[in-house]
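Sequences are here, hints too, so could you generate the full structure?
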Amino acid sequence: MKHKHIFWVPSITFIIPFILPLLTLLACNAEPGKTKSSPQSLAIQALKAQIKQHKRKFITTKLKLRVQKHENLLYAHNYSWIEDGDEANRWHLHYGDGGTQYGMKGKNKVFDVILSPHYAKYNHRTGAYNNTEYADYDLPSSKTSRRQVYLAFEYDENLIRIFGRILNKLADSAVPFDSATNSIPNPNEYNKLLQEIADKTGEYACNYFEVAFGELIKKQITL
Numbered sequence: 001m002k003h004k005h006i007f008w009v010p011s012i013t014f015i016i017p018f019i020l021p022l023l024t025l026l027a028c029n030a031e032p033g034k035t036k037s038s039p040q041s042l043a044i045q046a047l048k049a050q051i052k053q054h055k056r057k058f059i060t061t062k063l064k065l066r067v068q069k070h071e072n073l074l075y076a077h078n079y080s081w082i083e084d085g086d087e088a089n090r091w092h093l094h095y096g097d098g099g100t101q102y103g104m105k106g107k108n109k110v111f112d113v114i115l116s117p118h119y120a121k122y123n124h125r126t127g128a129y130n131n132t133e134y135a136d137y138d139l140p141s142s143k144t145s146r147r148q149v150y151l152a153f154e155y156d157e158n159l160i161r162i163f164g165r166i167l168n169k170l171a172d173s174a175v176p177f178d179s180a181t182n183s184i185p186n187p188n189e190y191n192k193l194l195q196e197i198a199d200k201t202g203e204y205a206c207n208y209f210e211v212a213f214g215e216l217i218k219k220q221i222t223l
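When the count follows the UniProt record's numbering, it moves up by one through the sequence shown with no breaks and lands on 223 for the last residue.
In short, the hints are calculated from the structure, not lab data. Errors might be hidden in some of the hints.
[Unchecked claim] Derived SDA-like pairs (lysine to any residue); straight-line CA-CA distance at most 20 angstroms:
{"id": "1", "residue 1": "LYS192", "residue 2": "ILE166"}
{"id": "2", "residue 1": "LYS69", "residue 2": "ALA212"}
{"id": "3", "residue 1": "LYS200", "residue 2": "LYS69"}
{"id": "4", "residue 1": "LYS107", "residue 2": "ALA212"}
{"id": "5", "residue 1": "LYS169", "residue 2": "LEU115"}
{"id": "6", "residue 1": "LYS169", "residue 2": "ILE197"}
{"id": "7", "residue 1": "LYS192", "residue 2": "GLY106"}
{"id": "8", "residue 1": "LYS192", "residue 2": "TYR208"}
{"id": "9", "residue 1": "LYS192", "residue 2": "ASP178"}
{"id": "10", "residue 1": "LYS169", "residue 2": "ALA212"}
{"id": "11", "residue 1": "LYS169", "residue 2": "ALA205"}
{"id": "12", "residue 1": "LYS169", "residue 2": "TYR190"}
{"id": "13", "residue 1": "LYS69", "residue 2": "LYS192"}
[Stated by the list, open to error] The calculated label-pair distances, taken between Cβ atoms and stated as ranges, are:
{"id": "14", "residue 1": "ASN182", "residue 2": "ASN207", "range": "41 to 47 angstroms"}
{"id": "15", "residue 1": "ALA49", "residue 2": "ASN72", "range": "19 to 25 angstroms"}
{"id": "16", "residue 1": "GLY85", "residue 2": "LYS200", "range": "51 to 57 angstroms"}
{"id": "17", "residue 1": "ASN207", "residue 2": "ARG90", "range": "25 to 31 angstroms"}
{"id": "18", "residue 1": "GLY85", "residue 2": "GLU189", "range": "29 to 35 angstroms"}
Fair warning: this is a prediction, and the values are worked out from it, not measured in the lab. Every residue, glycine too, gets a C-beta built ideally from N, C-alpha and C.
And the structure:
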């Protein structure tokens with residue numbers, strides 16, 4: 001699937017009506033004796049202002065469409081998203097088995113060889129989550145970390161599975177998580193590489209979708 005930049009212009013037709021008149025006026029303005037206050041110069045300035053205004057409107061329209069798309073995406077991310085068929089935990093943002101976690105769950109799989117930065121251990125006595133402990137990505141309590149990775153791919157299941165298959169090949173050579181010590185004993189270069197990939201992917205998703213577009217969603221009325 002091809003992703004287009006937010007400001008990519010699919011067609012220049014919106015600006016063509018201004019090009020020919022502008023070129024004509026530029027040619028006329030090249031004649032000796034023309035000043036900035038001449039009719040030709042004033043017309044050129046007016047056309048330039050029109051082009052700038054139309055370009056601004058075009059970019060704003062594209063931006064609003066993008067914001068609407070991501071608004072729906074973030075709503076699903078926060079409220080109605082289902083992880084790999086795990087319907088039972090649909091409304092649990094921080095907890096869920098997640099099915100096969102799109103092929104990344106289990107022994108020698110990527111989510112078994114990296115630590116979750118958002119691990120949330122639920123305390124049934126206090127009814128709160130404890131974020132001071134660590135666990136691997138594939139535990140139910142690490143759902144928040146997995147959600148961030150999926151969000152980076154806009155929840156496109158095919159892209160997520162392709163991403164997982166690539167990382168699983170690297171995970172074959174990594175040290176697995178040890179549940180007895182809640183750690184990865186002597187992590188090797190593959191653990192470190194996969195950890196960095198997962199952390200950076202989640203960080204990108206947070207900064208791009210939740211922070212940047214979260215602010216744009218709030219301010220889209222003023223665009």
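Flag every earlier hint the structure violates by its number, smallest first. Hints 3, 4, 8, 10, 11, 13, 14, 15 and 16 are the ones this structure does not satisfy, whereas the remaining hints hold.
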